[in-house]
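**Q** The two chains are supplied separately, each in an independent frame; assemble them into the complex guided by the hints.
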Amino acid sequence: MNFKLIFNVARSMLLARWRQTLVAAVGVTFSIAMFITLLSFMNGLNDMLDGLILNRTPHVRLYNEIKPSENQPVNVSAEFRDSYNFISSVKAGVTRQEIYNSGPILQAVKADERVIGAAPKLTAQVFFNEGTIDITGVINGIDVEEESRLFNFRDYVTAGNAIDAKNVANSIILGKGLADILVADVGDVVQVTTAQGERFSLKVVGYFQSGIQEIDKVQSYASLATTQKLLGKPANYMTDIQVKLTDLSMAPAVAREYAQLFEVDAEDIQTANAQFETGSNIRSLISYAVGITLLTVAGFGIFNILNMMIYEKMDSIAIMKATGFSGKDVNIIFLLIALSIGFFGGMVGLLFGLVFSVIIDNIPFNTAALPTIETYPINYSPVFYFIAGSFSLITTYLAGFFPARKASRVDPVEIIRGK
Amino acid sequence: MHETILEARHINKCFHDPVTVQVLTDITFSVKKGEFVSVIGKSGCGKSTLLYILSTMDTDYEGELYIDQELMTNRSDIELAHVRNEKIGFVFQFHYLLNEFTVLQNVMLPALKLNRYSAPEIEHRALERLKMLGIDHLAGKMAYKISGGEKQRVAIARALINDPQIIMGDEPTGNLDMRNSEVVFDIFKELTDVHDQTLLIVTHDQSFAEKSGRIIEMEDGRIIRH
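Chains as they are written, first to last, in our numbering: chain A, 136 to 554; chain B, 11 to 236.
Rather than coming from a laboratory, the hints here were simulated on the basis of the structure.
Which chain A residues face chain B? A few, computed with CB under 8 Å, are given here:
1) Leu140
2) Ala151
3) Thr458
4) Gly459
5) Pro547
Beta carbons: idealized from backbone N, C-alpha and C, even for Gly.
This is chain B alone, in the form it adopts within the complex (with noise of 0.2 Å):
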């Protein structure tokens, strides 16, 4: 049976600036390895506040979660960012490459800092993630000098660098074309399928979403369907 990879208890949030509103009402759900959930919702129903929140970066919430059965919650800056670093993978919308590095360097630079393997490790382990997504071609360019899509594509092989427990995303093929959107998709497809790799992705995009094992679709900060 499949284990739980993310699991959050009733978490309520609220902005309080310049006027108390609740944001996310009594969220509970669950995340089980493998799974490749999409979280869908109209713009401004807080499906990206839930997801910062789930990823550990956010730390202003009532409730609980669980991250690999582990509780997140009220953990202090560093063992939240050694978390982040070791069993969570992101992708957002933009790339957020750091400029100043080739892209083997940036996909590097996660693992340099959990520090489990030697350099040289890393950087076999580095060209292999760029192989399986078909830009080990990139690895010595510096990361302003390739293309949108290839950029995001760097991205989501710095999120794999670490074998995370999770790939987060928010609106990873937001900036992406049709055909590179397609890309992308197929790369969160293959990992599900084939790496057993867990997935979610938050997005607008309805066929994305469709396309992907589990929809969780929200409304007004609240979750209607999952």
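One chain only, chain A, in its complex shape (with noise of 0.2 Å):
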């Protein structure tokens, strides 16, 4: 087959009919840049929306948890075995929040390939002290390094110093909420209240906001070493090892594996955050959805206009099907034709995408519930570029389709004679 010839006069056709040519392009750019655009700002807000808790949530959380031994004395004993034994009135017995053995663990945590980091935690109930009243809230020791490159704590510490945490005895970063209602500046002091009843005075060097009210309002942050001399407890306590993996699908199974392991309690984030998936994925779902509707809408356009030209191009049809082409050739001649309409639209329209995803990606988007946040989140993921770029193909083949096949079984005798 002469593709050169069949190239030639596909385009020859499509040029002399440009201003048709050009409006059905123009749909599919039109379809193709929206589809571009509405994925890459819907999957940014996903992103965001994610960031804001997943970012921060390990992967997989090593604890202890306070609960009723599963196996109670009289199940063990030998002599009940066989009977049933109702226990009512069951309470927790002598368990400690702290993790036993915590410095090995962690050692052996780190030391796993497929594991980025762990950091470890230590949560202490405290009150705050504001005059006559007091407000409850959590103060979380940290190790603010590892915590900062692992989960960007830095990020959220919107005033201060992340660091100073960690440089400054007896300091606290206070959640914005908490610190509103404080009345505290940095460079105040607090004082606090433990559980145990021991009264401190801890300097704020820093808030911390993360963007959902309800926890700045009770969270705050200080130094492992502070946390546990409020609790008065020893160097090497902690109740919490957060983990964070190089693969946040494999987050379940290593959390059981872990908790076999080790004998401690482990929650991975996808049991524990199951409804950001949830909304990432219908919001997805929706954005697909939606593109996939502009780009049938305009192959239905390229579809009527290639109609149109087969009436109009009859005559040429049955003479060169008359000088020997044969029905394959003008099927193939009117598909290219429908396929350089996808393909150049479809380039146009990717460009375009890109262009409005990039306008808004500039636009200024301040809120104060997210303090790293300074425009409209984009993601400018290659794969929407290829999707996009496939689809237009894809579309203008099926709206090329049908027509090609009709002109392709155009009867030269019929046209001729009708003359």
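**A** Structure, rendered in structure tokens:
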């Protein structure tokens, strides 16, 4: 087959009706651009919302749950093994919140290849004393450097310097909401009473703003050592080990493995935050649905224009068939016309999509809830461009398929005799 | 001795829509190389129908058709397209030039499809044909910008480009005035006399037919004189 000739004929027919061609191509361009913009924006939002929680959440959390023993003595006893034992008012026994053997566990976890890093954590329930009023709060004792590296802690410290929590003795980083209630500026000292009744003075070295108001009203951060001092515990005392993995999807398996290996409770991120996954999926689904609808409409536009073109070019098709072009050649000519509309319209559409995304990316978006966000979020994943590009070709191929088949079946005798 | 170019054996054809009508009955004849044959007959006698069967474009018939001593009946669409491309040149009542192309490109198109010569050679051959028909000055013009008589001559040049075994015409002078008709006839005459070209022309122009070499007359789907 003489492909160059077929290509030339297709090009001439396309250019002879360049206005119609342009309208069809603009339809594709518009829908592809919208598709890209919508997906980039939606996924940017998804990433931002997920990041709000997920980036700061450990992939696997090791801790000791306070709960009654599963093996009550009466069940273990050989004497009563074969009987039904009813025990009422079961209470948790002498369990400690502390993770046993925390040092070796931390070392073992950090040595694991699947793990990016692990950070110890210690939570202490306290009262903040504001005059005569006691405000309940939580102080999280953290390893500031590891916490910043693994869970972007530094990004959420909006005033003061995160590392001061470690460098300044007896210091605290207050949640923004909590600081507002306490009317505590950076540099002020706040009074804290622990659950054990000990009173401490802590110096405020910064504000922390997570973007979730409820958290900011209760949470505050201090170094691990400061918190251990508050609780009167030794330097190896920690209640949580937070693990970040190289691959988030491995979390459930790793959690199960650690629970067995270290005899602790382990919670994975998927179980802890199932609702985020669902929300993201549904938002993506909606944007794909809208994008595909746009493309389908553009496809019908192409279908119409090709159909009209075929009626117009009936004579040309007839003489080409009479002078030796086969039905297959004619079919390829019209498919080529459709595909080039899809290809060039799609290419320009990808470009416009990128331009729109950049424009949105530069629109200021300031909200008190999101301290790290300054403009609307955009996800520039090349996957969207690839999908949009393939869709534009597939849709235009489908739109061209039936008109091209019709053209290939034109009976030249009918056309020529009809004159 | 001249070889046979076209041979029809016992060709029958019916139209089935809306009722079955026998259009052609037992058509048997042959055309030898270099002959200038006119097919005449009244309107509706089946002469055009016969031409389209002979041209291989209409495949819905009974009987056998030989072109260049090869059987054409029951061949595939692609094979027949190739035969038309290589061995048959067409001139219709309407010129059927492609408006998107120049005169030269229109003439070159069937040769490019056949792909026997390189593109520059084809262009040279197309210009030769145009020169022979006295319209080489139009080569660069778009096809829709030339006059009706010129268009028909371009169509003849296009029919000649692949050196076909036979040129078939369906009322090639039907749309032309007296003067242009004569020009076209003279071209046909010259083709047979000088270039030994075989022609099979359907016409209802009695004077045109009488000047040609051989007349096949049809009536009610049968050949009554040949």
